[in-house]
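Peer 1: Fit chain B to the known structure of chain A by using the hints.
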Amino acid sequence: AQKITQTQPGMFVQEKEAVTLDCTYDTSDPSYGLFWYKQPSSGEMIFLIYQGSYDQQNATEGRYSLNFQKARKSANLVISASQLGDSAMYFCATYLGNTPLVFGKGTRLSVIA
Amino acid sequence: KAGVTQTPRYLIKTRGQQVTLSCSPISGHRSVSWYQQTPGQGLQFLFEYFSETQRNKGNFPGRFSGRQFSNSRSEMNVSTLELGDSALYLCASSPGGSSVDTQYFGPGTRLTVL
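Protein sequences appear in the order of chains A and B. Per our numbering: the first sequence ends with 142, consecutive numbering throughout. Per our numbering: the second sequence ends with 116, consecutive numbering throughout.
It is possible that part of the hints are untrue.
Subject to a maximum C-alpha distance of 27 Å in a straight line, what follows is the list of computed DSSO-like cross-link-like pairs (lysine-lysine) [claimed, not checked]:
#, chain 1, residue 1, chain 2, residue 2
1, A, 99, A, 134
2, A, 134, B, 59
3, A, 32, B, 59
No lab work stands behind these hints: they were computed from the structure.
Pulled out of the complex, with its shape left as it was, chain A reads as follows (with noise of 0.2 Å):
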């Protein structure tokens, strides 16, 4: 069965300034979407970027991309010019086939003006 790993429980980034949120799953079939979501205190889930084990080039949307290095089975969130609406929760999720969205524990990012 697949699994996510986020080994980073909070993290603090000054205002202005780059951050990356790591995340490492595991699975053996070879066909799988990889998924960020961003949940803020009020407790939606936003998705924020999505990379298919297939394609080719990292994954980028806005200030958001995906740093994805399939042979260490790992893709990280890069946040660029992190604002204080970054503060939130982040979590990394696999979907597999016909499979639900497993989720990691989450990283708490907190921006600091």
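Peer 2: Only chain B this time, still in chain A's reference frame:
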């Protein structure tokens, strides 16, 4: 396009009662999934419905059930509530036709069991 909506947003119940939560997916989405989020267990998958049929089920007791209607709206029901059922219940919708569909989440229903 309107996002995923969930009602009610907050609920307070007592042990032994039952509760029904509702989820309206994004227009055109045929798959609806439900998740339970607690501080101790994190996000756990409950079940997924696609075209009115349960396609996947998580490891939860039979007190947790759900259904999907022909308009893709979904409800989940929890009977004989226990204190441990206090959680944020999140609903997510996706088009449902592809194995790597992105799931879009609603704001959640926060259930408190007293």
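Peer 1: Compare the structure with the hints numbered earlier in the document and write down the numbers of the violated ones, lowest to highest.
Peer 2: Structure breaks no hint.
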